[in-house]
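Mapping of the sequence shown onto the numbering used here: residues -2 to 157, in sequence order.
Misleading hints may appear alongside valid ones.
Unchecked claim - Simulated pairs of lysine-lysine, BS3-like, Cα-Cα distance not exceeding 30 Å: (1) 90 to 115; (2) 19 to 115; (3) 19 to 90; (4) 19 to 121; (5) 90 to 121.
Claimed, not checked - Restraint ranges, calculated between C-beta atoms of paired labels, are given here: (6) 139 to 85: 26 to 32 Å; (7) 85 to -2: 26 to 32 Å; (8) 115 to 20: 17 to 23 Å; (9) 33 to 75: 28 to 34 Å; (10) 124 to 89: 16 to 22 Å; (11) 27 to 63: 26 to 32 Å; (12) 72 to 30: 31 to 37 Å; (13) -1 to 85: 34 to 40 Å; (14) 63 to 85: 33 to 39 Å; (15) 145 to 63: 22 to 28 Å; (16) 145 to 73: 25 to 31 Å; (17) 137 to 44: 24 to 30 Å.
Source of the hints: derived by calculation from the structure; they are not laboratory data. Beta carbons are placed, not taken as given, at the ideal position from N, Cα and C, and that holds for glycine.
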Amino acid sequence: MHIPTLYLDTSVIGGYFDDEWKEATQEMFQRAELGMYQFVASVVTAREIMGAPPEVQAHFASTFTDEAQILELNDEAETLASAYLTAGVVTPKYADDARHIAVATVHALPLVVSWNFKHLANIKREAGFNAVNLLHGYPQIRILTPLQLLNDETDEDQNL
-2 MHIPTLYLDT SVIGGYFDDE WKEATQEMFQ RAELGMYQFV ASVVTAREIM GAPPEVQAHF
58 ASTFTDEAQI LELNDEAETL ASAYLTAGVV TPKYADDARH IAVATVHALP LVVSWNFKHL
118 ANIKREAGFN AVNLLHGYPQ IRILTPLQLL NDETDEDQNL
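Could you put together the complete structure from these sequences and hints?
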């Protein structure tokens, strides 16, 4: 059985403790503990987490215990992130959001999980990132919230 690898942005780590998002986020983490998913993040996530509350930092550290789970922001990803900015997918003020998607894309991870509705987890942004990916020869990506991820799996289970 193939275990999907999910790229988690910073909002998902914090969502574990957020009253509005914790139920779906914690369920996703429980499924990972059961071996249903593998999680990766990036140095972008690690850098953003440094400004988070202590419990969020601790959760990040306990989730990403293997260095291999923290992907580098290499030149290829920086170039792709710049292409997203040039295309206006997100503004330079939110360059780290572009970097999250670029890191996932260049590492061939088709699933990004985020609670960032404004800059990542929405149809318009996903289409913009994918248009740039297509122009630059990269595969398409999906940007889902933990709730969408769980609902997609529930729907698939019911169709079996």
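For each hint, the structure was consulted:
1. About 13 Å separates the Cα atoms of residue 90 and residue 115, which keeps this hinted pair within 30 Å; it holds.
2. A hinted pair counts as satisfied when its Cα atoms are at most 30 Å apart, and residue 19 with residue 115 qualifies at roughly 19 Å.
3. Proximity of residue 19 to residue 90 is assessed by CA-CA distance (about 27 Å); at most 30 Å being required, the pair is judged to hold.
4. Proximity of residue 19 to residue 121 is assessed by CA-CA distance (about 25 Å); at most 30 Å being required, the pair is judged to hold.
5. This hinted pair checks out: residue 90 and residue 121 have alpha carbons roughly 18 Å apart, not beyond 30 Å.
6. Distance hint check for residue 139 and residue 85: the Cβ-Cβ separation is about 21 Å, which falls outside the suggested range of 26 to 32 Å.
7. The beta-carbon spacing between residue 85 and residue -2, approximately 40 Å, falls outside the hinted interval of 26 to 32 Å.
8. Checked against the given bound of 17 to 23 Å, the beta carbons of residue 115 and residue 20, roughly 21 Å apart, stay inside it.
9. A C-beta distance of roughly 32 Å is found between residue 33 and residue 75, which places it inside the suggested range of 28 to 34 Å.
10. For residue 124 and residue 89, the hinted distance range of 16 to 22 Å is satisfied, since their beta carbons lie about 20 Å from each other.
11. With their beta carbons about 19 Å apart, residue 27 and residue 63 fall outside the hinted range of 26 to 32 Å.
12. The beta-carbon spacing between residue 72 and residue 30, approximately 35 Å, falls within the hinted interval of 31 to 37 Å.
13. Under the hint 34 to 40 Å, the C-beta atoms of residue -1 and residue 85, about 35 Å apart, fit the expected range.
14. Range check, residue 63 to residue 85: about 36 Å between beta-carbon atoms, so the 33 to 39 Å window is met.
15. Look at residue 145 against residue 63: about 26 Å separates their beta carbons, and that is inside 22 to 28 Å.
16. For the pair residue 145 and residue 73, the beta carbons lie near 28 Å from each other, so the given range of 25 to 31 Å is met.
17. A C-beta distance of roughly 27 Å is found between residue 137 and residue 44, which places it inside the suggested range of 24 to 30 Å.
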